[in-house]
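With the hints as extra help, turn the sequences into a complete structure.
Listed here are the chains, written in short residue letters.
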Amino acid sequence: SQTIHQWPATLVQPVGSPLSLECTVEGTSNPNLYWYRQAAGRGLQLLFYSVGIGQISSEVPQNLSASRPQDRQFILSSKKLLLSDSGFYLCAWSVLGEKLFFGSGTQLSVL
Amino acid sequence: DAKTTQPNSMESNEEEPVHLPCNHSTISGTDYIHWYRQLPSQGPEYVIHGLTSNVNNRMASLAIAEDRKSSTLILHRATLRDAAVYYCILRASNDYKLSFGAGTTVTVRA
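Residue numbers (our numbering), protein chains in the order written: chain S, 1 to 111; chain B, 1 to 110.
What the hints contain is simulated information worked out from the structure, not anything from laboratory work. Possibly wrong hints are sitting among the right ones.
Derived PhoX-like pairs: lysine-lysine, alpha-carbon spacing no greater than 20 Å straight-line [unchecked claim]:
1) S:Lys99 - B:Lys97
2) B:Lys3 - B:Lys69
3) S:Lys79 - B:Lys69
4) B:Lys97 - B:Lys3
What follows is the structure in structure tokens.
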């Protein structure tokens, strides 16, 4: 069966520090991969999605970047975090955009 | 992108049915109607999706209007564990993205 791993579960980082969140999927090949962010009390915002290795689409201009170095690995990064980067980050996968399966999320607090 | 409109919140009593409406008057012929729900402090989970015909699964039923401009998610017997934010989303058949709106916050009273 397919599983998605996302870590860490919580993260507290100072403003200006770098960020790297990793997401891996098991049990499927060539999945579509997604990064979403949810600010406190707000809806989910699609940040990036990828349909293949090295193929990244950015939905919102921001302080973040994404990379897909392997078929089932999706990384969210920032060189210098801002206060506004705080939020609940969710990784998800799908096959051809049908059902999305989400990870357990990372709660990021930038102080 | 075609948009959806949902009520901000709904309340229900435990073991009663819940009917969650969604309006999507600008839906195109190839847009699928998806429903997800998000429990507190968790990622969303898939509930159901459909194109034209009504759909049933173990979690819920999806009733789609004949003109497809609206749909209703039906939880047949609400439990306390069904308290969540429910999202109605349109996805074009050739699109891999799902854009979530504000959703409907469902509260279930014991």
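Going back to the hint list, which numbers does this structure go against? 3
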